[in-house]
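So the protein lines, in turn, are chains V and D. Quick note on the numbering used here: the first sequence kicks off at 1 and runs consecutively. Quick note on the numbering used here: the second sequence kicks off at 1 and runs consecutively.
Where hints are given, some of them may not hold.
Copies of the same chain are indistinguishable here, so a pair counts whether it falls within one copy or spans any two.
[To be verified] In silico lysine to aspartate or glutamate, EDC-like type, Cα no more than 20 Å apart, as pairs: (1) Lys-22 with Asp-61; (2) Lys-73 with Glu-223; (3) Lys-227 with Glu-116; (4) Lys-9 with Glu-171.
For the record, the hints were derived by calculation from the structure and aren't laboratory data.
What follows is each chain in one-letter form.
There are 2 protein chains.
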Amino acid sequence: MGFEDNIRKVTPYTPGEQPKKKVIKLNTNECPYPPSPGVFDTLNGLDWEKLRLYPDPVMSDLLDSIAEHYKVKPSEVFAGVGSDDVLSMCFLTFFAGDKPVFFPDITYSFYDVWAEVYRIPYETKKLNDDFRINAGDYYADNGGVVIANPNAPTGIGESLGLIEDIISHNEDSVVIVDEAYIDFGAESALPLIRKYDNLIVVRTMSKSRAMAGMRIGYCFGSERLIKYLNDVKYSVNSYTLNYPSIAAGTAAMKDEEYFNDVVNRIKATRERTEKEFSKLGFSYYPSDTNFLFAKPPEGHEASEIFERLKEKGIYVRYFKKDRISDRLRITIGTDEEMDCLFKALREILEDR
Amino acid sequence: MGFEDNIRKVTPYTPGEQPKKKVIKLNTNECPYPPSPGVFDTLNGLDWEKLRLYPDPVMSDLLDSIAEHYKVKPSEVFAGVGSDDVLSMCFLTFFAGDKPVFFPDITYSFYDVWAEVYRIPYETKKLNDDFRINAGDYYADNGGVVIANPNAPTGIGESLGLIEDIISHNEDSVVIVDEAYIDFGAESALPLIRKYDNLIVVRTMSKSRAMAGMRIGYCFGSERLIKYLNDVKYSVNSYTLNYPSIAAGTAAMKDEEYFNDVVNRIKATRERTEKEFSKLGFSYYPSDTNFLFAKPPEGHEASEIFERLKEKGIYVRYFKKDRISDRLRITIGTDEEMDCLFKALREILEDR
Chain V
1 MGFEDNIRKV
11 TPYTPGEQPK
21 KKVIKLNTNE
31 CPYPPSPGVF
41 DTLNGLDWEK
51 LRLYPDPVMS
61 DLLDSIAEHY
71 KVKPSEVFAG
81 VGSDDVLSMC
91 FLTFFAGDKP
101 VFFPDITYSF
111 YDVWAEVYRI
121 PYETKKLNDD
131 FRINAGDYYA
141 DNGGVVIANP
151 NAPTGIGESL
161 GLIEDIISHN
171 EDSVVIVDEA
181 YIDFGAESAL
191 PLIRKYDNLI
201 VVRTMSKSRA
211 MAGMRIGYCF
221 GSERLIKYLN
231 DVKYSVNSYT
241 LNYPSIAAGT
251 AAMKDEEYFN
261 DVVNRIKATR
271 ERTEKEFSKL
281 GFSYYPSDTN
291 FLFAKPPEGH
301 EASEIFERLK
311 EKGIYVRYFK
321 KDRISDRLRI
331 TIGTDEEMDC
341 LFKALREILE
351 DR
Chain D
1 MGFEDNIRKV
11 TPYTPGEQPK
21 KKVIKLNTNE
31 CPYPPSPGVF
41 DTLNGLDWEK
51 LRLYPDPVMS
61 DLLDSIAEHY
71 KVKPSEVFAG
81 VGSDDVLSMC
91 FLTFFAGDKP
101 VFFPDITYSF
111 YDVWAEVYRI
121 PYETKKLNDD
131 FRINAGDYYA
141 DNGGVVIANP
151 NAPTGIGESL
161 GLIEDIISHN
171 EDSVVIVDEA
181 YIDFGAESAL
191 PLIRKYDNLI
201 VVRTMSKSRA
211 MAGMRIGYCF
221 GSERLIKYLN
231 DVKYSVNSYT
241 LNYPSIAAGT
251 AAMKDEEYFN
261 DVVNRIKATR
271 ERTEKEFSKL
281 GFSYYPSDTN
291 FLFAKPPEGH
301 EASEIFERLK
311 EKGIYVRYFK
321 KDRISDRLRI
331 TIGTDEEMDC
341 LFKALREILE
351 DR
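Take the sequences, apply the hints, and build the full model.
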């Protein structure tokens, strides 16, 4: 077939399973608690007749609410269909040169997929044996840098000093700091957007704001970078966030008390989980996220535990990848869900 | 600034205005009637607590309902965030070769924008003076073909014979037939997807299904083409349609009677509008869409009428472009809205 030659052939990213049956779902780092009461009120009050009209392409209500919350200008904010859409647009916009883009070898596994689909050259930089970043790896000439902080799937947050060191050594590249998990730990690079005009800081409402199902991500950067990003966005799809997502996203930014409560509950459960995992003989690095990246005790295979948990109706994430195939990534759920997990793990570890 | 060299610089598509004040909005071809009652019921019955979870990445409910309605297999259907997202993904997936992609000089003005952003070479083929396609223009060697049928902003539908002629002469390219307006006129190429494995037929829920605000588009093609499209989609964003849009889209496919009623009402108002426009001295080609592309009577400038209507709170669309700057694109609204338009036009034409 002649047309085969014109087709962009790629290997896509594999998201965690979204089973339709009822399971304990600790595999995609969703929030175990519902969105804020304000989100419910807003959605229940929407006038669905308005669906006949296109949504606001500028999403000004949403951008204004984000800007107000984070004390930046709306022109320093960009929003998309989840942080995946935001990151994808950033890759397309900022990494259009010929030099390789740098990111760690162990990180969010979508980065190399975006590089492939947009034909962006890239080089991965090896994390050290403790899964930490060596800032010096990012000093070489490059076409861009992407750092997830805290990192996934490791759960480790790096210091703002290290992040700033990387940004300041790359004034000729755009540096993207992907802060999907920042609300659960580590210090944000957001205050640096006024100091460095090559910096983009990416956030999501899918984790700490409990709205994975609404698909809302956003990022911050200098007005100039945001303008370039919008030019590309408006060259791909004029209207990305739909009517309910703009409304719900706007509402979600406003309920600060509920947000803090959810984050604190997850952190408390994370602390309990870390203690239980120690007792069970798992090893892990303390997590700055809403998940734990843990290695089973001596004599147990992560892949086997993954399968056994699944049989018991508990879904966690296993990556069959170099350097991390001996670990499981486990989302922090409710205390009740984690109790079920501890019980299941005890049974699996004892049953040999 | 060194990083400027790495930035993809583009001139984005300009969508029609979405004014926040109350106006008669005949500028973006939205449906003047609300979505089907089933859409309201579905949205009012959603469990917003589920927003904490990612939506179904496969969107199986939606694909199943589309497949059932059109009597194709779900594996022959792809869905996205409006037909713009679907078309954008098609350009990225199917036009990755070096040869130029062909489309008419006067057509949906996003095609050249997608070509620019994805760095796809393209050539436009001149419509004849009556805005009709010459099939022979598309026989030459190319990297892909895109035809909007009915065409926008002309409103003219070409025969299925002409469309098939173009498809059959391009077995070495993917041919995209953009049928955003097909429910209002012209014959669909959908039955041809089983005959030609190089064909993609694109649809939207923004027009005839009154859901522009929900952002739902879809397309049909051979299982092979849909597989390639999904590989690229899952390399860009795993979860595109959010929880409410999957649910509402599924519901919208089911209420056939309401759908037919809406389409018939719009067609009836279009007939009235054409008669009134003749009386007012406008010239136009009979429309197969939910808009009319009309040229004001001798001695009146389209650009001036556009501005005068805007002052009167009636928004229509004016394209300051070669060959069509003497015309206005006017969406078919409700009968009441069109009466206001007729009155305003009479005033403007008389006031000289």
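Indices of hints not satisfied (ascending): Hints that this structure does not satisfy do not exist here, as all of them hold.
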